[in-house]
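What follows is each chain in one-letter form.
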Amino acid sequence: MSMTFYNARLIEPGTGFDGLGGIRVAEGCVLESGPHLGTKPANGVGVDCAGLALLPGLVDMRVQLGEPGREHREDFASASRAALKGGVTRMVMLPNCLPVIDTPTMVAAIAERARRGGLVHIHCYGAATKELAGWEMVEIGLMREAGALGFTDAERGIADAAVMRRLLSYGRVHDALILQYPEEPALAEGGAMNAGTLATRLGLPGTPAYAEAMLIERDLHFIRASGCRYHAGPLSSAAALAVIRRAKAEGLPVSCDTAPPYFILTEEAVGAYRTFAKLKPPLRAESDRAAIRDAILDGTIDCIASNHTPVDPESKRVPFIQAEAGIVGLETLLGLSLTVAKDDPARLMAVLRALTCNPARVLGLDAGRLVPGAPADFILVDMEARMHVDSSGFASKSRNSPFDGQIMRGRVAATYIAGERKDDSETQ
Amino acid sequence: MRHLLDIESLSRETIEDLLGAAATFVTPPPDGGALREKLKGRLVINLFFENSTRTRASFEIAAKRLGADVVNITSEASSIKKGETLLDMAATLNAMRPDALILRHPDAGAPQLLAQKMGCAVINAGDGAHEHPTQALLDALTIRRHRGGLPGLRIALCGDIAHSRVARSNIQLLVKMGASVRAVAPPTLMPAGIDALGVAQFFTMEEGIRDCHVVMMLRLQRERMQGAYVPSLREYYHFYGLDSAKLAHAAPDALVLHPGPMNRGIEIDGAVADDIAHSRIEEQVAMGVAVRMACLEWAAR
Numbered sequence: 051m052s053m054t055f056y057n058a059r060l061i062e063p064g065t066g067f068d069g070l071g072g073i074r075v076a077e078g079c080v081l082e083s084g085p086h087l088g089t090k091p092a093n094g095v096g097v098d099c100a101g102l103a104l105l106p107g108l109v110d111m112r113v114q115l116g117e118p119g120r121e122h123r124e125d126f127a128s129a130s131r132a133a134l135k136g137g138v139t140r141m142v143m144l145p146n147c148l149p150v151i152d153t154p155t156m157v158a159a160i161a162e163r164a165r166r167g168g169l170v171h172i173h174c175y176g177a178a179t180k181e182l183a184g185w186e187m188v189e190i191g192l193m194r195e196a197g198a199l200g201f202t203d204a205e206r207g208i209a210d211a212a213v214m215r216r217l218l219s220y221g222r223v224h225d226a227l228i229l230q231y232p233e234e235p236a237l238a239e240g241g242a243m244n245a246g247t248l249a250t251r252l253g254l255p256g257t258p259a260y261a262e263a264m265l266i267e268r269d270l271h272f273i274r275a276s277g278c279r280y281h282a283g284p285l286s287s288a289a290a291l292a293v294i295r296r297a298k299a300e301g302l303p304v305s306c307d308t309a310p311p312y313f314i315l316t317e318e319a320v321g322a323y324r325t326f327a328k329l330k331p332p333l334r335a336e337s338d339r340a341a342i343r344d345a346i347l348d349g350t351i352d353c354i355a356s357n358h359t360p361v362d363p364e365s366k367r368v369p370f371i372q373a374e375a376g377i378v379g380l381e382t383l384l385g386l387s388l389t390v391a392k393d394d395p396a397r398l399m400a401v402l403r404a405l406t407c408n409p410a411r412v413l414g415l416d417a418g419r420l421v422p423g424a425p426a427d428f429i430l431v432d433m434e435a436r437m438h439v440d441s442s443g444f445a446s447k448s449r450n451s452p453f454d455g456q457i458m459r460g461r462v463a464a465t466y467i468a469g470e471r472k473d474d475s476e477t478q
Numbered sequence: 006m007r008h009l010l011d012i013e014s015l016s017r018e019t020i021e022d023l024l025g026a027a028a029t030f031v032t033p034p035p036d037g038g039a040l041r042e043k044l045k046g047r048l049v050i051n052l053f054f055e056n057s058t059r060t061r062a063s064f065e066i067a068a069k070r071l072g073a074d075v076v077n078i079t080s081e082a083s084s085i086k087k088g089e090t091l092l093d094m095a096a097t098l099n100a101m102r103p104d105a106l107i108l109r110h111p112d113a114g115a116p117q118l119l120a121q122k123m124g125c126a127v128i129n130a131g132d133g134a135h136e137h138p139t140q141a142l143l144d145a146l147t148i149r150r151h152r153g154g155l156p157g158l159r160i161a162l163c164g165d166i167a168h169s170r171v172a173r174s175n176i177q178l179l180v181k182m183g184a185s186v187r188a189v190a191p192p193t194l195m196p197a198g199i200d201a202l203g204v205a206q207f208f209t210m211e212e213g214i215r216d217c218h219v220v221m222m223l224r225l226q227r228e229r230m231q232g233a234y235v236p237s238l239r240e241y242y243h244f245y246g247l248d249s250a251k252l253a254h255a256a257p258d259a260l261v262l263h264p265g266p267m268n269r270g271i272e273i274d275g276a277v278a279d280d281i282a283h284s285r286i287e288e289q290v291a292m293g294v295a296v297r298m299a300c301l302e303w304a305a306r
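Sequence order for the protein chains is E and R.
Adding 50 to a residue's 1-based position in the first sequence gives its number in the working numbering.
Adding 5 to a residue's 1-based position in the second sequence gives its number in the working numbering.
Just chain E, same shape as in the assembly:
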């Protein structure tokens, strides 16, 4: 029994198609898609998409979900509701939950919890080193078999050169993806915001932008030697992009991501000690912001992730230097990203690739596409809608967003997972 979604503006970022069309789905998968499904099917059975954009559900490659360990901030259920509202059908959590995901057992436990508690697909990364301490390698092979999509020390840069070299050389055998949080820890120690005049004026210790570039630059030597897949993110600086461009030109297996704050805000958002604008890595200068935006459009940046980081008010309503970093982003990922696309078709396609097929490709997931055989995870979006961010209406348990009042483009009208609509009855 198949179901046709017709009369849609079908957008398939993987092929670059954008026009009147539709998809036919059955048993949770896409059977066919294309312009021939633009009109009502002959048998009259189907869903009239009324001209809304139909595109693959977003693949968010970098989230923190609170569960396990900090469920008062977020759990799989609340994060899933937030994801569905934001058009995210698949997300990958960092391993820095409590306890840390650094054993095959933990990977399996997360997968099991995700099956029971999640409405959307939830995957996880494994820690790269035990306890995220930066020294002992985890069981990369076993954890990969258990379902870990990659290995990262989450918000800690893998600083020790010998450890990184071993991770990349050993990881290559298991075709592991090693994700680096690119920040030289010695330079980031104590840093509360971007280094520069504003930090100096506010009397806050700053982390320089080159702390990001230099760690990637070092890692390139190990990637060259090992051939292991490597991903850096979230990127915040123009300096890091220059390094990534060089690596890609050389043909190294390198990819990277960023998050909306880095192409929308600058360090000025910190203003007078606004802790909601405290991020890891920190917001940077206007020239960095513009460079990040341009790098999404030219494809240097492969992926846009929400970097969803729920933080409770108690950890934000303290002096800036004590405040925890991070913002929630699942519900604003699409709307903020689309502001970069403006009304330009090529820009739109670049942004959507970064939200769908690109992260799926980096992670080796069969997702982010609307081609025959792909999972029928898709969203309907009113592309003309303009909305203001209103954190008071977030489905997430945490409200730490610096974007309140910011204009977003597009409104997610419906979210389907495996061909089933998930954003209404089950979530209300």
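Hints are computed from structural coordinates only; laboratory data are not their basis.
This one's a predicted model, so the numbers in the text were calculated from it and none came from an experiment.
There could be a bad hint or two in this list.
What the hints assert, rightly or not - Cβ-Cβ distance ranges computed for the label pairs, FRET-style:
| hint | chain 1 | residue 1 | chain 2 | residue 2 | range |
| --- | --- | --- | --- | --- | --- |
| 1 | E | Asp210 | R | Arg215 | 45 to 51 angstroms |
| 2 | R | Gly154 | E | Gln372 | 40 to 46 angstroms |
| 3 | E | Glu318 | R | Ala100 | 32 to 38 angstroms |
| 4 | R | Glu211 | E | Tyr260 | 41 to 47 angstroms |
| 5 | E | Tyr260 | R | Arg59 | 36 to 42 angstroms |
| 6 | E | Ala396 | R | Phe244 | 54 to 60 angstroms |
| 7 | E | Arg367 | R | Phe208 | 37 to 43 angstroms |
Every residue gets a Cβ at the ideal spot worked out from N, C-alpha and C, and that includes glycine.
Got chain E; can you put chain R on it based on the hints?
Frame of chain E, contents of chain R only:
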């Protein structure tokens, strides 16, 4: 009721007003009777999360001269030690209905945060490496008494600029008032992007204080001395400590200031600190009380 959180947000006119008012408080009338009516019956809370002798005492004396009741709370005795957050503590103190709260805190921005919760005037008595507005005002008052005005003066701030709230408040104030401001420090103690604040950078004392009308020395904190930011005390003193040989590069009648407490033989030679021809360090302390009286009256008005 007004907060005094930083110099940055004060207008030139406000700074002029505060300095003008402070000048009238420099020599209090013998009986002080009329002064004590100004804040009579008002409650001033001194909330200090860092050790301080002169600033805390100076605020207390200023408040008492204006007739206010003063309560002192220090971090050792406070419930912060018991895990209470700054904002919860603010709510508690607010319920006691003070008229002004003087806050010293190790974290930059703490007074801004507190001001959001307090129904009374909040005065910043130093927050991390951010600002120490009353110190800059008392420095300005001291300079004006000897030089008549600030515009056109060449003023060098020397030493640990990076970690100094005194430096930041002074830069904000002096640049705003039209002085020509220089920062003199080893590169490791020079904060990034300081030139954008309107300050000229110098890495040697001889160049930095050349022909300056005022040489303002900053305290080097103990934990910055050994190896991390400067190689050794003797090397620091040799190149950046103010002695009479270095002072000879400044204008002949240059004023020497220091916010205290001084490290004699580290950032300043004892002989220079005590040289009555140049040093105005004790006068700064006296001006501190007058400035804080003006600030309290301005804030609680």
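List in ascending order the numbers of the hints, as given earlier, that are violated by the structure. 4
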